[in-house]
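Enquirer: Listed below are the residues making up each chain.
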Amino acid sequence: MSHLTYDQSKTIANKTIGILAFITVFEVLFALLGKGYLVEGFHISGWITGGVMMVLSIVKAYLIVYEFMHMKYEVPGLVKTVLLPTLLLVWAIIAFLAEGKYWGTSRVNVKNTVSQVESVE
Amino acid sequence: MASDTLAHDHHTDTHSGGSWKGGSEPFKASYGKLMMWYFLLSDAFTFSGFLIAYGALRFSMPTWPVPDFVFSTFPGGFHHLPLLFVTVMTFILLASSYTMVRAVQEGHRENKRGVVVWMMWTILGGAAFLGCQAWEWNTLMGKEHMTVTTNPFGTHTVSGTYLEGDGHDIKEGDTFVAGDSYLMHKHEGEWAPLKYTITDGLDKGKEGQQTFGPKAFGALFFFITGFHGFHVLSGVAFLLIICVNSATGLYARRRNGYEMVEKIGLYWHFVDLVWVFVFLFFYLL
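Chains as they are written, first to last, in our numbering: chain E, 1 to 121; chain X, 1 to 285.
Simulated from the structure, these hints should not be mistaken for lab results. We treat Cβ as the ideally placed atom computed from N, Cα and C, and that holds for glycine. Just so you know, nobody snuck in bad clues.
Not everything, but these chain E residues come out facing chain X in the computed CB check (under 10 Å):
id: 1; residue: V28
id: 2; residue: G50
id: 3; residue: K60
id: 4; residue: H70
id: 5; residue: M71
id: 6; residue: G104
Below, computed lysine-lysine pairings styled on DSSO-like, alpha-carbon distance capped at 30 Å:
id: 7; chain 1: X; residue 1: K195; chain 2: X; residue 2: K206
id: 8; chain 1: X; residue 1: K143; chain 2: X; residue 2: K195
id: 9; chain 1: X; residue 1: K204; chain 2: E; residue 2: K111
id: 10; chain 1: X; residue 1: K171; chain 2: E; residue 2: K35
id: 11; chain 1: X; residue 1: K195; chain 2: E; residue 2: K111
Chain E on its own, in the form it takes in the complex (with noise of 0.2 Å):
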């Protein structure tokens, strides 16, 4: 529970809902931008794009999750048992991305062997 008064908490909403829409909006720029749709023939590699929308969008989730969801003043061990089991994603995240490109690689290789048979029939 927050020992925050009505005002402060409705000035510290108005400005967390304040900068989550300015990020959105940022957001969606910028991926337009990167990918040429504003400025004829500027493009942003889509690392790039990609790297800075990711940081953006976890800046989001933590003003949601500490804010709004008011976590940030909840006591240290509900904090913990909430969000540390979300770093197991974290692996999730990196082993079947890598597991995805493995299987684009396999598939082409099937392709190819298949179409290697056909012409050697």
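Starting from the known structure of chain E, arrange chain X on it as the hints suggest.
Expert: Showing chain X alone in chain E's frame:
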């Protein structure tokens, strides 16, 4: 550490032999709020599973539909407005999250009228979001013929010149380069992939034709946005129930700062949180 001091005070007050021996709330949160947090944690893993599957399948494909090409329609017959409609949807959900925060704050100061009014705005936002999603799905399925198993959004892997037009965006003689997106159309109920002459690479001079995009795209899109939409739908249902209960004075009698509103608030913000990542992976990247 203000909270540690409080915990200590509480401990000496009750003489119950520590927070874990019963009689007091270990995390200073009621069981209902605590269980809502753990439910949301498990739900976060479900959504992560879906989104990671999306990432793995996307990484396994040589091409993937370009979101700013796929999601570029807007109600009123507008086309070629990349990401505009989903940005509007995002703002609707963000706004409803804000009105939810306000409802919880009014609840903390036991202001029944404030709770009901702000919750009604939240319900309206949730319903508006669902309406937008219905329109988006209807456009994709009804007009663009994307289904769970069919994905007409393809990406060219070679450059070429079209030998025919489709009566929509592509005309005979239009040229394209590798990486350009296309939407395959139906002609009189049948798929009508356009023929083109390849103008570069090993197959230069040969004839090619449009093919379907990665099949998994449709299934992933409908399942993930559908699962999220189902969360919004059930959220709206619970919001309605809790709004009515607030209006009848049920929670005012409990004198616990409208904790039920706080709990549904947690759920509602979580739905918004998930949308942040659905928006990131499906539309921005």
